[in-house]
Amino acid sequence: SKSVRLLRGEVRKAKVIIIFINQIRMKIGVMFGNPETTSGGGALKYYCGIRMDVRKKEILKGKNKKGKSRIIGIESKIRIVKNKVAQPFRHCNLQLIYGKGWREIND
Numbered sequence: 001s002k003s004v005r006l007l008r009g010e011v012r013k014a015k016v017i018i019i020f021i022n023q024i025r026m027k028i029g030v031m032f033g034n035p036e037t038t039s040g041g042g043a044l045k046y047y048c049g050i051r052m053d054v055r056k057k058e059i060l061k062g063k064n065k066k067g068k069s070r071i072i073g074i075e076s077k078i079r080i081v082k083n084k085v086a087q088p089f090r091h092c093n094l095q096l097i098y099g100k101g102w103r104e105i106n107d
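Residue numbering for the sequence shown follows the UniProt record's numbering, beginning at 1 and increasing consecutively.
Just so you know, the hints here were simulated from the structure itself, not pulled from any lab data.
Be aware that a few hints might be false.
Listed below are the simulated DSSO-like cross-link pairs for lysine-lysine, each with C-alpha atoms no more than 27 Å apart in a straight line [to be verified]:
| no. | residue 1 | residue 2 |
| --- | --- | --- |
| 1 | Lys100 | Lys65 |
| 2 | Lys84 | Lys2 |
| 3 | Lys45 | Lys56 |
| 4 | Lys15 | Lys84 |
| 5 | Lys2 | Lys82 |
| 6 | Lys63 | Lys77 |
| 7 | Lys57 | Lys68 |
| 8 | Lys77 | Lys56 |
| 9 | Lys45 | Lys84 |
Okay, the calculated beta carbon distance ranges per label pair [claimed, not checked]:
| no. | residue 1 | residue 2 | range |
| --- | --- | --- | --- |
| 10 | Met26 | Ile59 | 18 to 26 Å |
| 11 | Lys84 | Ala14 | 13 to 21 Å |
| 12 | Val85 | Lys63 | 38 to 46 Å |
| 13 | Arg55 | Lys84 | 20 to 28 Å |
| 14 | Lys61 | Val85 | 35 to 43 Å |
| 15 | Glu36 | Lys100 | 26 to 34 Å |
| 16 | Val16 | Ser76 | 22 to 30 Å |
| 17 | Gly9 | Cys92 | 30 to 38 Å |
| 18 | Lys15 | Lys82 | 17 to 25 Å |
| 19 | Ile80 | Leu7 | 17 to 25 Å |
| 20 | Leu7 | Ile59 | 33 to 41 Å |
| 21 | Val30 | Lys82 | 15 to 23 Å |
| 22 | Lys82 | Ile105 | 21 to 29 Å |
| 23 | Asn22 | Val85 | 15 to 23 Å |
The beta-carbon is built from N, C-alpha and C at its ideal position, and this holds for glycine as well.
Full structure from sequences and hints, please.
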């Protein structure tokens, strides 16, 4: 946790963003509550400004030039778990098209 505190100060001075990507593990023997946890201790959870839970929602399929079905991207569900700069606990769905980027969706 000391390293994260020192890193946080240097990041603030340099005016940059650091993105940590982690994976979910299952707690054994949890009867009540969420059995999912992230590895690496509690320092990252405490010091981070924004935490997002990103999960694959569905695979996007399209047709190629010959008319055959193929995978063109994925749709992800993103949930804000913690947010120190805006409203937390919001969620959205984003579509990532392979070779092109994020699909623009008008609300």
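### Task
Taking the numbered hints from earlier one at a time, note which ones the structure violates and give those numbers from smallest to largest.
Violated: none.
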